[in-house]
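Chains as they are written, first to last, in my numbering: chain E, 5 to 148; chain B, 5 to 148.
These are calculated hints, taken from the structure and not from any lab test. Every value quoted in this text rests on a predicted model; they were computed, and no experiment measured them. Where hints are given, some of them may not hold.
To give an idea of the interface, some chain E residues facing chain B are shown, with a C-beta separation under 8 Å as derived from the structure [to be verified]:
{"no.": "1", "residue": "Gln61"}
{"no.": "2", "residue": "Met82"}
{"no.": "3", "residue": "Gln89"}
{"no.": "4", "residue": "Pro132"}
Residues of chain E placed beyond 10 Å of chain B at every Cβ, according to the derived structure [claimed, not checked]:
{"no.": "5", "residue": "Gly19"}
{"no.": "6", "residue": "Arg29"}
{"no.": "7", "residue": "Lys41"}
{"no.": "8", "residue": "Leu107"}
{"no.": "9", "residue": "Asp139"}
{"no.": "10", "residue": "Phe140"}
Just so it is clear, CB atoms sit at the ideal spot from N, CA and C, and this is done for glycine as well.
2 protein chains.
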Amino acid sequence: MEKAYRLAEEAGVRGEVPIGALIIRDDALISGASNTKEADKDPTSHAELLAIRAACQTLGNWRLTGAILITTLEPCPMCLAAAQQARVKAVYYGATDLKGGALSLNYTLHDNPKLNHQFEVHSFPFEPAKKILTDFFRARRNEQ
Amino acid sequence: MEKAYRLAEEAGVRGEVPIGALIIRDDALISGASNTKEADKDPTSHAELLAIRAACQTLGNWRLTGAILITTLEPCPMCLAAAQQARVKAVYYGATDLKGGALSLNYTLHDNPKLNHQFEVHSFPFEPAKKILTDFFRARRNEQ
Numbered sequence: 005m006e007k008a009y010r011l012a013e014e015a016g017v018r019g020e021v022p023i024g025a026l027i028i029r030d031d032a033l034i035s036g037a038s039n040t041k042e043a044d045k046d047p048t049s050h051a052e053l054l055a056i057r058a059a060c061q062t063l064g065n066w067r068l069t070g071a072i073l074i075t076t077l078e079p080c081p082m083c084l085a086a087a088q089q090a091r092v093k094a095v096y097y098g099a100t101d102l103k104g105g106a107l108s109l110n111y112t113l114h115d116n117p118k119l120n121h122q123f124e125v126h127s128f129p130f131e132p133a134k135k136i137l138t139d140f141f142r143a144r145r146n147e148q
Numbered sequence: 005m006e007k008a009y010r011l012a013e014e015a016g017v018r019g020e021v022p023i024g025a026l027i028i029r030d031d032a033l034i035s036g037a038s039n040t041k042e043a044d045k046d047p048t049s050h051a052e053l054l055a056i057r058a059a060c061q062t063l064g065n066w067r068l069t070g071a072i073l074i075t076t077l078e079p080c081p082m083c084l085a086a087a088q089q090a091r092v093k094a095v096y097y098g099a100t101d102l103k104g105g106a107l108s109l110n111y112t113l114h115d116n117p118k119l120n121h122q123f124e125v126h127s128f129p130f131e132p133a134k135k136i137l138t139d140f141f142r143a144r145r146n147e148q
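This is chain E alone, in the form it adopts within the complex:
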């Protein structure tokens, strides 16, 4: 989670919402990414989705079977659904997102028996991951 947090910090420095994500498998780091939505002009350039895509390219497979997604913020429905598509084993997130998080919004598709893959999602409270977001949005409001 600390490494994901450092990726979040990098996003913040670039003026992006500070979120970072990693893919780990068998205790090895496969990929890491930070939010580049503004720079890429791409609404899908969330850290989690980019980390999933990068890991697939590294492994040469769209299936990330056995892999773990670690993200500093509770994934949005798009990113949780991308983790489902990639068939990850588990997701761990650092800060809860009451407004946009998939679980907070009751889109608990990770354990939907109607889908062809289920996986675990765990909260892994990490105060800096929350604080960097709070500070970022406070600074942005003050600029306006």
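Position chain B relative to chain E; hints supplied.
Using the frame of chain E, we list chain B on its own:
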């Protein structure tokens, strides 16, 4: 929808699940894409998500305000959520996906008042879009 169907046909020729999608704004075609998940080894390379990303690159903006997504198959939760992220105006889909479609699975995030953008989703029944999928999966079962 016919043009999206032709993109679905292209995907089928390449051995991909035959799905195609377009982004239209002000009656102008902005982008078109077909499913390239196997070729890209990317679980996010669904036609809809690729069409959204391509349209954003063409327009130089992650917001597709006023745009319409047309897809041959009911979008999965990831793609419907990507349309929400991109702030499209509406989605029209040709064939219903009872097993994997976001609406069929009750992930109706397009009209969730808790999210910061709402949009319309309409079924636009188009028999060839359904038939090409049925034929594709029947052929694949016969191969096994």
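*10 Å cut-off, C-beta based - E/Lys41 kept clear of every residue in chain B*: violated (6 Å)
*Would the least Cβ to Cβ distance between E/Asp139 and chain B come out above 10 Å?*
holds (21 Å)
*With a cut-off of 8 Å, does the beta carbon of E/Met82 approach a beta carbon of chain B closely enough for the hint to hold?*
holds (4 Å)
*Regarding the hint that E/Pro132 lies at the interface with chain B, is the smallest CB-CB distance below 8 Å?*
violated (26 Å)
*With a cut-off of 8 Å on the beta carbons, see whether E/Gln61 makes it to chain B.*
holds (7 Å)
_Reported absence of E/Leu107 from the contact zone with chain B (all CB gaps over 10 Å)_ = holds (13 Å)
*Once the closest CB in chain B is found, is it more than 10 Å from E/Arg29?*
E/Arg29 is indeed farther than 10 Å from all Cβ atoms of chain B, at 15 Å.
*In terms of Cβ atoms, is chain B entirely out of 10 Å range of E/Phe140?*
Nearest chain B Cβ is 17 Å from E/Phe140, so the label holds.
*Just checking, E/Gly19 versus chain B, shortest CB gap more than 10 Å?*
holds (14 Å)
*Tell me if E/Gln89 is really an interface residue toward chain B, meaning its C-beta lies closer than 8 Å to one of theirs.*
Holds, because the Cβ-Cβ distance from E/Gln89 to chain B comes to roughly 4 Å (cut-off 8 Å).
Of the numbered hints stated above, those contradicted by the structure are hints 4, 7, listed in ascending order.
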